[in-house]
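There are 2 protein chains.
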Amino acid sequence: MDQKWLAGVDIGGTTIKMAFVSLQGDIVDKWEIYTNKSENGKHIPTEIARSIENKLSEQHKTKEILAGLGVGAPGPINDEDGSVAVGVNIGWEKNFPLKAKLEQELSLPVIVDNDANVAAIGEMWKGAGERAKDVLCVTLGTGVGGGVIANGEVLHGVNGAAGEIGHITVVVDDGAPCNCGKKGCLETVASATGVVRFAKEMLKTSEQESKLRSMDIDRLTAKDIFDLAKEMDPLANEIVKRITHYLGLALANASNVINPKKIVIGGGVSKAGNILLNPLKEEFQKFAFPRVSEGAELTIAKLENDAGVIGAAWLAKTEAGY
Amino acid sequence: MDQKWLAGVDIGGTTIKMAFVSLQGDIVDKWEIYTNKSENGKHIPTEIARSIENKLSEQHKTKEILAGLGVGAPGPINDEDGSVAVGVNIGWEKNFPLKAKLEQELSLPVIVDNDANVAAIGEMWKGAGERAKDVLCVTLGTGVGGGVIANGEVLHGVNGAAGEIGHITVVVDDGAPCNCGKKGCLETVASATGVVRFAKEMLKTSEQESKLRSMDIDRLTAKDIFDLAKEMDPLANEIVKRITHYLGLALANASNVINPKKIVIGGGVSKAGNILLNPLKEEFQKFAFPRVSEGAELTIAKLENDAGVIGAAWLAKTEAGY
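Residue numbers (the working numbering), protein chains in the order written: chain B, 162 to 483; chain R, 162 to 483.
Looking at chain B on its own, in the form it has when it is part of the complex (with noise of 0.2 angstroms):
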């Protein structure tokens, strides 16, 4: 007989990313497909379904590899039934039933969970996380996900928003406006927009000279600061200083109450490496309980794009029983 495949699934609001893994957590393949949000995103769970049947003849396989199949999507799940609550950049409405959709369309066990606790599992299970019992992710992305680990299991909550180390706030007295409707948050510092909009902030309120103000301030990207500071340009360091000095208060307070093994920094932000992880440290250490810094490792992602389908399928994994 041969060995059996997971199939693990990230949704996205532009593609869909999908591969076959192997129980060892090795991709065995891997593709994307566009994300057709057409009719509020309707057609997703068939098109999925075709792409990976395509997939399976590809490779002159059935379906009886497939051990099950796990999902990443956006947006709270709904734990009892694995829908999804709402997921606006996918166009999903109210409780929108993936997993049923999937379960219909493949004959096959699905299992969906949120895309950054689906990340922060891939992480613990192949990536930065090295297997550890306890993790905190966090994703630097367009916004600031999160995904905990706690005792080896997904934390969820009453309501599917454990995690969301983006909406802790940080900037207390003055914080800006957040997309989810507080102020302060570190997505309003920290992800990528974030650190664009702090930089026109600071270049604003600071009389500090930089490079910056000869650039064309409207397609500023917060790649364009890192590199700055990383050429001691005063200004961008004074930028990534605040930044790492609010996401380093973010993940100790975070740790604080998780007592993680390993803290791993994801996204799009996170590619900077050492000019934004040596600082953070430092700042880390400021905020921590003694204890829980000696205890904790910080560390940039190693998967990439790959930890959503990796973690993905390890749910599959978990869930079929292997």
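Source of the hints: derived by calculation from the structure; they are not laboratory data.
Pairs count within a copy or across copies, as identical chains cannot be separated in the list.
Restricting the straight-line Cα-Cα distance to at most 20 angstroms, the calculated cross-link-like pairs of lysine to any residue (SDA-like) are:
#1 K422 <-> E241
#2 K344 <-> P440
#3 K447 <-> N340
#4 K191 <-> L217
#5 K447 <-> C341
#6 K344 <-> P451
#7 K344 <-> E443
#8 K191 <-> E208
#9 K422 <-> D240
#10 K442 <-> N320
#11 K442 <-> D334
Chain B is already provided as a structure; the job is to place chain R on it using the hints.
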């Protein structure tokens, strides 16, 4: 056959609380002994064992009725062997073998956990937590302790420091020094001593009128401040407002990590009741992610001094497989 009992023990710096508890979590008998700190607390395990044996014979029972012994002890506990890493208030030095000594003395299965965790479990099982699977407990006593239950399990983290809610940083820029070595921890403003410290600071920096100014400042207690706030004393009200601001911020940030159903406030300061709870709810809502805020109920602890022995009994029950 008689129904089994559980023995629960809660070791504090002044007294050791003990109880026999039914498998349903009801106290059959409870009593306490003095904490013998002589010779670095080495006699404590023997005294606990003799006291349990004496109480059993008073009740005309033998040791066979006990399914097991659960213990809450101050300080971080080493998971592997139930030793206490360090118990400052007791005098225990590095890795005091509490579990091993008690098992030797009593020939019963013993399970040891941190006292704040054990109190959290007690509230979850029989108190304000109402058996929710996700509970955040904070104890506002001499210090600020914390316990976290997620997915129905107590979180310990990689080195027993999960739930250190008291050391979440809430005063970021010019916070008071904390016993832990950091600055601006929740404990410096919301513990019984922290409330008094903060009030003294406010007395110096504020001009507001207050009955506090005519009181013996060296004997000031947290209770005095909340009592004056109930009488609408302007400065006492301002102090309570600021304290609930910091406490609300810390609890909201912790809740964004675990998305609890119940947030239980215990310890001496919590006896202030609604004068604390009502403004705290407002501040919490201001800082919590909206979905987290919707899912969470803030409430005052119910079990008071019994939380520890009941939580310890729950641990013994689970360990014994009941």
